[in-house]
Amino acid sequence: MFYTIDILGTMAFAISGVLIAMEKRMDLFGILIIAFVTAIGGGTLRDLLIGVTPVSWMGDITYTYVIIGSALLAILFKDKIYYLRTSLFLFDTIGIGLYTVVGVEKGIHAGLHPIICIALGMITASFGGVLRDTLCNEIPVIFRREIYATACILGGITYFILIYLGVKNDYIFMVAGAVVILVRLLAVKLKIALPSIYPNEN
Amino acid sequence: MFYTIDILGTMAFAISGVLIAMEKRMDLFGILIIAFVTAIGGGTLRDLLIGVTPVSWMGDITYTYVIIGSALLAILFKDKIYYLRTSLFLFDTIGIGLYTVVGVEKGIHAGLHPIICIALGMITASFGGVLRDTLCNEIPVIFRREIYATACILGGITYFILIYLGVKNDYIFMVAGAVVILVRLLAVKLKIALPSIYPNEN
Amino acid sequence: MFYTIDILGTMAFAISGVLIAMEKRMDLFGILIIAFVTAIGGGTLRDLLIGVTPVSWMGDITYTYVIIGSALLAILFKDKIYYLRTSLFLFDTIGIGLYTVVGVEKGIHAGLHPIICIALGMITASFGGVLRDTLCNEIPVIFRREIYATACILGGITYFILIYLGVKNDYIFMVAGAVVILVRLLAVKLKIALPSIYPNEN
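Protein chains in written order, with UniProt numbering: chain A, 1 to 202; chain B, 1 to 202; chain C, 1 to 202.
Okay, chain A solo, but in the shape it has when bound (with noise of 0.2 angstroms):
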């Protein structure tokens, strides 16, 4: 099940990527770049960080499989994609809630302190959208606006709390994911950003 979640986010990624290129007018090859980054680029920066070469999405041929195949999908369907939006957007919410996990269980495997355990987290799933937007020559969505990082931060702490009360590992991998979507649904649903820092936009 969790590989079914995995893929579906990086088809969302992957997606996401496409669209985003296609705004830029990139050619066939930039568009396939961009979706390639945009899903795993995030899971890249962390193996890299950690050490662990070659890095994951080269040693399962699956990851590629699917991003190709979803680029090349969204391009041909591009008119279609927009009644696809809310779909993607749960599959891409769906996705970050597995990817945090998955780079904090990393951290913990590489006997990381929490605190950087939760920064791999958060890295494993933002950071391809940070390198999507700097190819694309764009300063990154997510410094911006959108509660999307916090909601992995939040996950993150989450299952540190589950560790630390003794709960069991199965349950804190799917409380800890669930955390960081109904944070980023219920964030997106209620509008809900950071408080601003700049006091002539309260």
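What the hints contain is simulated information worked out from the structure, not anything from laboratory work. Hints are supplied without guarantee of correctness; some may be wrong.
Same chains, same names: a pair is fine if it fits in one copy or spans any two.
As the list claims (entries may be wrong) - With a straight-line Cα cutoff of 35 angstroms, these simulated DSBU-like cross-link-like pairs (lysine-lysine) come out:
| # | residue 1 | residue 2 |
| --- | --- | --- |
| 1 | K78 | K168 |
| 2 | K168 | K191 |
| 3 | K78 | K191 |
| 4 | K80 | K189 |
| 5 | K24 | K168 |
Nothing here was measured: the structure is a model prediction, and the numbers come from that model.
Fit chains B and C to the supplied structure of chain A, relying on the hints for placement.
Using the frame of chain A, we list chains B and C on its own:
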């Protein structure tokens, strides 16, 4: 001979970095860094992804000398460099042919899937340019036009077809490299680009 | 004492990240990430290039606390921070002196060529700023003006001259760091920049 090609390719990449950095009116230091990043960025990213450290250029000081030397010459003779345009284009094209094959070989050596090896060849040959453009605050040119990465990918595919056909290693190296070079030369000569996916541009 | 300098340098780098992120009107999360990237980006790139993982800041949680702490203080007292401009400039300059020497030493420890070690020193001291500017969608400021990286390179050269002269390790550390600091202070004081290579600017 391969070493000579490698050096010529490194020179061409470094000089292409100098030209773009000067357009952006960077100072001497910025120009040198962009020359470096263009010349060694692709190989560095490849080495990081497969876990080969210290990365290659750090182990052979010749690259550093060649890059600094050609960058300084390019700055000094910047008014004359446009006369060398055709030679530079040739060096650059021969360079990506070589870099592609080297990248594919390192992937095979690391025991990776053929498709991942081809991706590594393409990354080696073209991500120096991607990093150069990103640091110069431009959307990478290879994401928008020109059969460049596509030539690398076709060369990588040729490599594995030749292995499948049982061709001897030395020939594979040369034929796959030649495919990259020929595809790029033909594409530029015949002004072939990837088919547009934006309807109003056809 | 070195640790104190390191912490002061980290603080200065983090605060410089905060100031630029706020100019770009990023949200709280974006500001924290830019503070982090500015403070640990150079050392992280150095560690990745030579294969030291998990990268340094992940192994000592103090850096994370210092960065988050100084970033939050900088946001809170943002109106007052301009009064601290001179102190910050001093911390930053002392920081790059220290970072340069640390980078050179890690290169020597990894058995690399002196020129590569000097490059590592410069990367440690200045690539946090390069990443900061790239994520903020600007051409890196050190590519366009200011004797900054040049000061690091001169400090690195001093390091190897002192080794060659047989000076004791502790003195080398201090003298090479002092050269970086003095060159930068003098250059800013006397408004010295690299000689322009663009004729119409002379």
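Consistency of the hints with the structure:
no. : hint        : in the structure
1   : K78 / K168  : neither (43 angstroms within a copy, 44 angstroms between copies)
2   : K168 / K191 : within (34 angstroms within a copy, 62 angstroms between copies)
3   : K78 / K191  : both (27 angstroms within a copy, 27 angstroms between copies)
4   : K80 / K189  : within (24 angstroms within a copy, 37 angstroms between copies)
5   : K24 / K168  : neither (46 angstroms within a copy, 44 angstroms between copies)
Figure legend: structure checked against the earlier numbered hints; hints not met, in rising order: 1, 5.
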